[in-house]
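Asks: Here's the letter readout for the chains.
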Amino acid sequence: MTETSRHLPLRTPGSVLGPAAWIRRNLFPDWRQGLLTLLVLWLLIRTIPPLIDWLFIDAAWTGDRDDCVAAGGACWAFVGARWGQFIYGFYPPEHRWRVDLSMLALLASIAVLFLPRVPNKGWIITGSFIALPVVTVVLLHGGMLGLEVVPTDRWGGFMLTLVVAVAGMLGALPIGILMALGRRSRMPAIRIFCVTFIELFRAVPLITILFMASVMLPLFMPQGFTMDKLLRALIGVALFNGALMAEVIRGGLQAIPRGQFEAATASGMGYWKMMTFIILPQALRTVIPGLVNTYVAIIKDTTLVLIIGLFDLLGIVQAGISSSNWLAPSVTTTGYVFAGFGFWVLCFGLSRYSMHLERKLNTGQKK
Amino acid sequence: MKLCTILTSAAALMALSGAAVSAQTLEEVRERGYLNCGVSPGVAGFSNPDDAGNWSGFDVEVCRAVAAAVLEDPDAVRYTPLSNTERFTALQSGEIDMLSRTTTRTLNRDTALGLNFAPVMFYDGQGFMVRDSMDVDSVSQLNGATVCVSAGSTTELNLADYFEANGMTYNPVRFDRADEVLAAYDANRCDVYTSDRSGLAARRLVMSDPSEHVMLPETISKEPLAPAVRHGDDQWFDIVTWTVYALIEAEEFGITQDNIDEMLASENPNITRMLGGEGSPVGEWIGLDNQWVYRAISSVGNYGEIFERHVGPDTPLQIERGMNALHTDGGLQYAMPFK
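As given, the protein sequences belong to chains D and G, one line each in that order.
So the first sequence is numbered by the working numbering: it starts at 1 and just counts up by one.
So the second sequence is numbered by the working numbering: it starts at 1001 and just counts up by one.
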């Protein structure tokens, strides 16, 4: 016995270590797995090199439509020529720093959430998320502090996608929380109102709501009263997603054991104190995956504003590929690849961020 | 589609019954300092943002011409890109002052939807595209062909009517979306692709090999595309109407963006009257100053120049003048006299 264990390290056969062994163990453990490995390998060989050829080697990096047609690959020249438009829409070039600054403000308020434990962190976070919309509106729209007004019909591209998404997210969360609480309320008037609101908005497609906001609403308004088209769309997006979010949050509320409510009441807390400090923090933490799901859906739904004539990232790319000086098959494909990549970056970033949040908040609750 | 119809009809009803939209469009535009013009969100050659982010195209030039006539500045326009369903409500609710958006003039729109159409800017119609290799040069040779077409569209109805009327048969391949129709034709699933001619010209360019495809000469439907204003403001309607006429008349008189200043000194009294020369009444009659025609033409050029710049044979779209030639060249463009 002792002899065997002493000899073991010396006798390690070459066939269980090294790359060859790794390949055999993981890729060809038996003939079925081996066949699948070969199939996947063949698929990769068939798709990856042509993709790289198309994306980089045959691509036209500069020039115009004719260069792109001649190159045969992706037409990055098109993205280059319209880069400013894709990011800022029709925002006047001399004012684009205001958009940059608002994006920085957004990044800053996200960064605040990553702060290590500091005193009053909760207040800092709440403050920054209340300040963010105000700062952004002042910066982007102007008309205050000596900033020139940039009307919302000049907004577009990636920036508009962010505006719609962030407004949808920031607006939907409080609406969702209030509606979820209201739905569980003991007061019939409040409960009926909340149930009606949630069921109405959840049962209708977002497109219908946007259509109502952009097409029908102006006709009901008194003559001469005009409300900004973007604002109408933002309110529609926030209400719609608020209704979805309310149900996600209600799920979290129902997961809280009754004992928590009773304990909070027993220690003399009122309704709002109990909700703010005991129930909601636990409930929201439980439903982070559901919340992020809704958030990712909001980002992707922003493309629907296209149908009411607002140019989000996808809209401005589509307008670009249909302009007569860029009409070519490779331009169309490149445009959609670019727009898809833009959305992927946003949504992937968001889901990574939510994983980080979950890990951070779930300390001591891992199962 | 049904929902859209209901929505637009309801909208039209409300626009007609309740809100009598103000008849003071001219004053409102002047007070505001810019023109609200509805355009399409991206139709090749007709309205698109250019690389610098400015709207440009055939339809956009009409907005610019009206802004130049009314506000003395062709750039004093705010463009509202509008979808198919939104365009009429936007006009009825007063969100835009005029619509210049590849819109076909029809009886229904002219009456029930409460619109007034300015003169036709572009005579479009349904055409056919085939592969050059098919060696076909007329629709009459297409008996038994496979045709790619948008499902449930007027295009599909026109196609059925035309083939039936001519005693021919065909196999339709229907798709819901325009890009699916295009992709199917490009992938050789059908012999023929049918759509409006201006649309065919643009879509030919996004096929794998544009040079393989040719358009057949026949046009089987009427799609007269015209700018529109809402009912109830005759003066504004006159201004938009006669701005379009001015562009067409300018081409007939040979007035271009470049030679307009020499034309001011022309021997022809019709030209000097139109351009607001000494003692001309054109401004007084329409309620603008005398130079309104001069400004419109010097800002955007005459009709022919606009056509050449955005959709003509030298542009990627390569659309021939055809029906859109002046009446003197055998086309349909005919301006009323400035008298």
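Worth double-checking, as some hints may not be accurate.
[Unchecked claim] Derived coverage of chain G by chain D (criterion: at least 3 residues anywhere in the stretch with Cβ under 8 Å from a Cβ of chain D; other residues may be distant): (1) 1079–1088; (2) 1092–1101; (3) 1262–1276.
[To be verified] A partial selection of chain G residues facing chain D, derived with a Cβ cut-off under 10 Å: (4) Asp-1051; (5) Ala-1052; (6) Pro-1172; (7) Phe-1175; (8) Asp-1176; (9) Gly-1254.
Bear in mind the hints are in silico, worked out from the structure with no lab data behind them.
Cβ atoms here follow ideal geometry from the backbone N, Cα and C, with glycine treated the same way.
Asks: Each hint: holds or not?
Replies: Okay, the hints, checked on the actual structure:
For the region 1079–1088 of chain G, the assignment as covered by chain D holds, since 7 residues bring a beta-carbon within under 8 Å of that chain's beta-carbons and 3 suffice. Interface restraint, the region 1092–1101 of chain G with chain D: holds (4 residues with C-beta to C-beta distance below 8 Å; minimum three). For a cut-off of 8 Å, the count of residues in the region 1262–1276 of chain G with a CB near a CB of chain D stands at 0, and the three-residue condition is violated. Annotation: interface hint on Asp-1051(G) holds; nearest CB of chain D at approximately 5 Å, less than 10 Å.
The closest approach between the C-beta of Ala-1052(G) and any C-beta of chain D is roughly 8 Å, which is under the 10 Å cut-off, so the hint is satisfied. Interface restraint check for Pro-1172(G): the shortest CB-CB distance to chain D comes to about 25 Å, outside 10 Å, so the restraint is violated. Interface hint status for Phe-1175(G): violated, as the beta-carbon distance to the closest one in chain D is roughly 17 Å, over 10 Å. Because the beta carbon of Asp-1176(G) sits about 15 Å from the nearest beta carbon in chain D, more than 10 Å, this interface hint is broken.
For Gly-1254(G), the shortest C-beta to C-beta distance to chain D is roughly 27 Å, which exceeds 10 Å, and the interface hint is violated.
Hint check: violations occur at hints 3, 6, 7, 8 and 9; the rest are consistent with the structure.
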